[in-house]
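Student: Start from the sequences, fold in the hints, and give me the full structure.
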Amino acid sequence: MRGFTSFSWIYNPDFCEVLPESNLAKFMRELYLSPVPASGQDGLDFVFGKSDRDWSDYPANNSLQRAFHRLRESGKRLKEGGMFIEARGLAAFGTNLYRKEYRSF
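Note that full-length UniProt numbering gives residue 72 to position 72 of the sequence shown, counting from 1, and the numbers run on in steps of one.
Hints are computed from structural coordinates only; laboratory data are not their basis.
Treat the numbers as computed from the prediction; the structure is a model and nothing was measured.
Do not take every clue at face value.
Straight-line C-alpha distance at most 25 Å; calculated DMTMM-like pairs for lysine to aspartate or glutamate [unchecked claim]: (1) Lys100 <-> Glu80; (2) Lys79 <-> Asp57; (3) Lys76 <-> Asp54; (4) Lys76 <-> Asp57; (5) Lys26 <-> Asp45; (6) Lys26 <-> Glu73.
Tutor: If you want it as structure tokens, here you go:
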């Protein structure tokens with residue numbers, strides 16, 4: 001196996017700004033991230049159980065839900081991202097191998 005790839009709303013690089021000390025942000029700093037097409041409602045179903053509500057109806061009971069609200073309030077679009085990590089990069093996990101030279105895409 002040469003590497004691993006995945007596409008998901010959890011790779012939204014904006015989470016690194018609104019949840020900088022979270023495990024999610026720490027995990028993303030270990031990966032090569034890339035943008036992918038997104039709907040603008042990415043993650044709503046998973047985090048809130050529905051994506052067809054008015055924003056005022058979505059709860060803010062945990063840090064992830066509050067992060068979604070902060071992104072919305074700041075005018076940022078919900079998006080998803082892609083990630084890749086080479087198999088050999090697993091040995092360097094914890095060193096920010098892919099992100100040493102930049103903060104975010």
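Student: Please go over all the hints and tell whether each is borne out by the structure.
Tutor: Status of each hint after checking the structure:
no., hint, verdict
1, Lys100 <-> Glu80, "holds (22 Å)"
2, Lys79 <-> Asp57, "holds (20 Å)"
3, Lys76 <-> Asp54, "holds (17 Å)"
4, Lys76 <-> Asp57, "holds (19 Å)"
5, Lys26 <-> Asp45, "holds (23 Å)"
6, Lys26 <-> Glu73, "holds (24 Å)"
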